[in-house]
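*Asks:* Sequence order for the protein chains is A and B.
Just so it is clear: in the first sequence, position 32 is 32 by our numbering, and no numbers are missing.
Just so it is clear: in the second sequence, position 64 is 64 by our numbering, and no numbers are missing.
In case anyone wonders, no lab produced these hints; they're calculated from the structure.
Accuracy of the hints is not assured; some may be wrong.
DEER-style ranges, computed between Cβ atoms [stated by the list, open to error]:
| hint | chain 1 | residue 1 | chain 2 | residue 2 | range |
| --- | --- | --- | --- | --- | --- |
| 1 | B | Leu11 | A | Thr5 | 17 to 23 Å |
| 2 | A | Lys58 | B | Tyr101 | 39 to 45 Å |
| 3 | A | Gln109 | B | Thr9 | 33 to 39 Å |
| 4 | B | Asn71 | A | Ile112 | 45 to 51 Å |
| 5 | B | Thr9 | A | Ser9 | 22 to 28 Å |
| 6 | B | Phe69 | A | Tyr39 | 43 to 49 Å |
| 7 | B | Asp96 | A | Ser26 | 33 to 39 Å |
| 8 | A | Ser84 | B | Asn79 | 39 to 45 Å |
Among the chain A residues that face chain B by a calculated CB cut under 8 Å, a handful are [what the hints assert, rightly or not]:
| hint | residue |
| --- | --- |
| 9 | Ser27 |
| 10 | Tyr50 |
| 11 | Ala95 |
Here a beta-carbon is modelled for each residue, glycine too, at the ideal position from N, C-alpha and C.
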Amino acid sequence: AQSVTQLGSHVSVSEGALVLLRCNYSSSVPPYLFWYVQYPNQGLQLLLKYTTGATLVKGINGFEAEFKKSETSFHLTKPSAHMSDAAEYFCAVSAHAGGTSYGKLTFGQGTILTVHP
Amino acid sequence: ETGVTQSPTHLIKTRGQQVTLRCSSQSGHNTVSWYQQALGQGPQFIFQYYREEENGRGNFPPRFSGLQFPNYSSELNVNALELDDSALYLCASSIDRGPAYEQYFGPGTRLTVT
């Protein structure tokens, strides 16, 4: 079984400030981890993903995330927020072993990021 | 390259009716997944189709059914609509099944059940 918990349903930062969106996961098998962004009235766009290998993953738009197995975390960061980063962000986990969870994305509840000028 | 498209964009139905939502996968993609996103929630996995066969199902009742066609387009059918079925329905296609392959999402169909 898999689950994702995103800490904080709303995060507000000033333009130019650090963005930190928190994600903790639970998985009975080694996970694949993802961050998606959703702009209003649009579908989801992949920001970055962790499969295997390097635990620090760089994505689009200056975002990165670090997989920490000991903490079961995959927090998303960006050094300097931009107004265009305002959106809803979803962390997701998928199993890469076989079984009914294979290829299925389990999402967190989402975090709405607001960027103030 | 055309992305994932969904139709219709919006739909209003009455409780007890049936609805069909459509998804056109990205070219070359043989796998499609459907998700339900209720207001203020993360998407929830409904089911996945791989080469026209169901390849995994989430915790949704049998009145949620699907089809994938030889051209890899897909339909989601919901019978006996309930008020709680009101949500954004997202489809996502990938070049193959398995989590290593990126799922490309369409813009969604917003279903309102009254």
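*Asks:* If a hint holds in the structure, say so; if it doesn't, say that too.
*Replies:* How the hints compare with the structure:
no. : hint                            : in the structure
1   : B:Leu11 to A:Thr5: 17 to 23 Å   : violated, 32 Å
2   : A:Lys58 to B:Tyr101: 39 to 45 Å : violated, 20 Å
3   : A:Gln109 to B:Thr9: 33 to 39 Å  : violated, 25 Å
4   : B:Asn71 to A:Ile112: 45 to 51 Å : violated, 37 Å
5   : B:Thr9 to A:Ser9: 22 to 28 Å    : holds, 27 Å
6   : B:Phe69 to A:Tyr39: 43 to 49 Å  : violated, 30 Å
7   : B:Asp96 to A:Ser26: 33 to 39 Å  : violated, 26 Å
8   : A:Ser84 to B:Asn79: 39 to 45 Å  : holds, 41 Å
9   : Ser27                           : violated, 11 Å
10  : Tyr50                           : violated, 11 Å
11  : Ala95                           : holds, 7 Å
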